[in-house]
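Student: For reference, the chains in residue letters:
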Amino acid sequence: MANPAVTASQTGPEVVAALEPVDNAVLGLWIWLSAEAVFFASLIGTYLLMRTHTNHGLTPKQVFDLPVTLVGTLTLLASSMTFAIGYAQLRAGRLARFRSWLIVTVILGLGFLSFQAFEFTGDYKRGLTLSSSPFGSAFFTLTGFHGMHVAFGVFWLLSLLVYSFRPAFKTEGVTKAQVAGLYWHFVDVVWVVIFSVVYLLGKVG
Amino acid sequence: MAATTERIPHVIPRSDAYHENKLLSWLSVVDHKRIAQLYLMAGLLFFLTGGIEAFIMRLQLAHPNGHVVSAVLFNQLFTMHGTTMIFLAIMPMLIGFVNAVLPLQIGARDVAYPRLNALSFWLFLAGGLLLNSSWFLGGAPNAGWFNYVPISNPPYSPGLGVDFYDIGLQIAGIGTLMTGINFLVTLVNLRAPGMRLMRLPMFAWTVLVTMVLILFAFPPLTVTLFLQTFERLFGAQFFSVAAGGNPLLWSNMFWIFGHPEVYILILPAFGIISEVVPVFSRKPLFGYTSMVLATLAIGFLSFMVWVHHMFTLGYGPFVNSIFALTSMMIAIPTGVKVFNWLATMWGGQIRFTTSMLWAIGFLFCFVLGGMSGVMLAIAPADLQYNNSYFVVAHFHYVLIGGTLFALFAGIYYWFPKMTGRMLSERLGKWNFWLTLIGFNITFFPMHFLGLMGMPRRIYTYAPGNGFTFWNEVSTFGVFILAAGILFFLVNLVTSLQRGEKAANDPWDARSLEWSISSPAPPYNFAKIPLVRGADPFWLEKMHGNGHMLPAPGQEHHHGPPNTVHMPRPTMIPLIIAVALLILGYGFIYHALVVEIVGFMVLAVGLHRSMFTPDPGEYVPIEEEPAEEVGADG
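Sequences listed follow chains A and B, in order.
Everything in the first sequence is counted per the working numbering, starting at 1 for the first residue and increasing by one.
Everything in the second sequence is counted per the working numbering, starting at 1 for the first residue and increasing by one.
Each computed SDA-like pair below joins lysine to any residue, with the alpha-carbon atoms no more than 25 Å apart:
1) K170/A - F611/B
2) K125/A - L592/B
3) K170/A - M610/B
4) K33/B - T563/B
5) K203/A - N246/B
6) K125/A - G235/B
7) K527/B - D23/A
8) K527/B - P21/A
9) K170/A - N189/B
10) K170/A - G559/B
11) K170/A - S609/B
12) K125/A - F234/B
13) K33/B - A25/A
These are calculated hints, taken from the structure and not from any lab test.
Based on the provided sequences and hints, a complete structural model is requested.
Tutor: Here it is in structure tokens:
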């Protein structure tokens with residue numbers, strides 16, 4: 001359906017291709033991610049407003065455990081790398097290796113989610129909850145929404161894995177993987193910002 | 001896509017049921033023109049709902065100490081009136097026009113993501129139905145359309161009404177966001193060969209900017225609705241002052257969305273006027289480039305003015321001055337537009353069709369609304385107008401006198417292309433004059449009431465307040481306004497059944513949609529047209545043979561000859577929307593089983609939508625009716 005963006009001269013019917021068109025799916029995903037960026041910016045702004053409003057309860061300094069968070073962070077960052085390697089394998093036509101790297105990526109994504117579950121249960125035991133203070137509300141909402149994005153990403157990658165066994169994957173697999181990858185890397189980048197703004201700033205600020 | 005079809009031939013017959021059964025064909029619709037009809041019909045029904053709510057309020061306020069409704073019900077009425085009109089009536093009807101016209105104007109066969117387009121519609125409908133179901137489930141939301149905290153917090157709004165507001169708007173908002181993404185990709189990727197950006201019809205330009213506004217304005221709304229949902233349903237502490245929360249967070253986040261939203265509502269209306277005025281003046285649009293720049297400037301500035309809704313919240317003179325200045329700056333590009341329309345009419349051969357009358361009525365009423373807008377932007381004076389009927393008068397002048405009048409101009413203009421029949425001009429003129437007169441009698445006195453000190457959102461007033469006379473006048477005007485709308489409904493119903501058959505180009509118009517048959521065939525263009533300049537169809541009528549030339553190198557599917565490869569109908573979008581509807585009710589009622597069911601349906605729907613390839617189907621090309629086009633070849 002995609003008609004390439006081309007230009008024509010005023011008088012004649014001759015058509016000159018101006019730009020290599022971006023695939024609809026890829027362009028749409030980029031545009032969606034720009035909306036996602038505003039979504040997370042709003043949540044991060046909320047957190048920055050609320051992080052000192054602890055309602056005489058636990059403060060960020062008391063709650064955060066940097067070494068544990070660092071492990072979770074590295075897990076997620078590694079998953080971006082493994083996906084990138086897998087995607088390169090797919091582009092080189094090595095489908096089996098792509099699937100292996102995809103499985104590694106999914107496992108790392110699940111690892112990050114376990115880290116988050118571990119962190120959240122610890123916080124709840126210590127008394128920081130969604131309703132304990134504005135800081136708690138903002139913290140769980142921001143990191144929780146990020147976690148849900150990771151969970152959705154895992155669901156997406158698993159679906160991609162299943163899909164890679166279908167015949168249609170041969171024609172549109174690269175685009176499907178590219179789109180999933182864009183999303184996955186974006187979720188990673190958001191975590192880098194959250195790690196800096198929430199955890200590092202929480203320890204020093 | 002074509003290659004995929006050959007490999008999965010067994011799915012091809014399935015879509016026949018979707019074409020033959022009328023109900024199924026609507027539930028599985030992916031065609032942008034039929035989705036447009038759904039948007040316009042649903043939007044019209046919500047518009048009538050919101051209109052009835054307003055009518056009851058005016059009856060209540062007609063006399064001092066009125067007893068038509070209670071104070072509690074009045075709060076629900078004004079909340080639902082505003083919310084319905086903005087989110088469920090005006091915006092969907094505008095999106096309906098975008099769907100109906102934009103792909104035709106840029107020479108495309110559909111939007112970039114037809115399924116997502118259907119999903120956008122179903123989500124809007126699901127959100128609207130969920131929100132309105134609150135009337136029957138314990139009472140509608142009652143904290144105003146911008147739902148300020150603390151009044152919308154649990155201690156002050158204990159019922160479920162505000163939850164319906166939060167979740168209903170959330171679902172509808174996701175749909176709108178997807179519309180934004182969809183049309184941006186459509187505008188970038190699906191323009192016909194030769195349709196450069198600076199040859200886009202003005203309507204397409206305003207849609208482009210509107211979709212960017214949607215893209216960046218809706219996520220803050222999504223977030224702040226989530227914050228409030230969490231606060232009300234799960235006990236989060238964002239807004240409650242006792243725990244150290246900040247009510248201003250809601251106000252700011254809401255208006256960071258809310259002000260661009262105002263321009264989401266008016267920019268497509270500007271686009272419609274920019275299509276109608278040149279056609280009925282028989283002149284090209286005056287100052288096309290400045291019009292494009294003005295649209296971009298309005299879009300840019302719309303994100304920098306949100307604090308002008310909060311001049312009285314105590315940000316101080318420095319902040320207020322900055323936002324007062326940025327707000328007044330918007331008057332400059334808007335003025336550019338108004339003068340461009342006037343200059344387009346200047347010296348033109350003006351035809352006073354109903355559509356053109358609406359456009360001229362728009363110019364008068366919208367400028368009045370713009371003037372009171374500049375008055376409201378003066379921060380020190382705003383302390384006087386704030387929360388008074390002057391504000392009510394202002395935004396009804398821009399929303400009715402602006403957007404609604406433009407919608408009427410658009411419906412009289414494009415109805416032939418959408419349905420193949422003409423709307424009656426005779427009923428149309430009754431429709432126009434009664435609505436124009438009734439609108440002004442209803443809303444002009446509200447300026448006076450506001451300046452006299454009548455606050456908005458009061459359910460009654462005392463006889464000695466001095467508000468009685470103008471309130472009586474205002475309510476009297478509503479009857480004329482309602483009669484005008486009634487004429488439109490009669491016109492709509494009779495014209496759909498036995499209106500005059502429309503020619504392909506009944507208005508001697510300029511853009512691509514008029515170069516194809518009325519109504520447009522399912523595939524829009526049998527051959528993708530070649531665009532050789534701005535106002536492409538006019539150009540061919542003046543300098544070509546009156547028909548669009550086919551663009552070379554565009555047809556390359558492997559299907560049967562004389563067919564066009566089009567997207568296949570599917571129920572997946574409806575299933576996803578139903579899943580979110582189930583989830584919404586699950587959250588409102590804390591029903592875990594319902595939530596789980598909703599999540600599962602959602603997961604299945606999402607999976608299928610992401611990983612079920614659309615094999616498409618081949619639609620036969622209809623015979624071109626042998627018709628002489630208005631211009632000499």
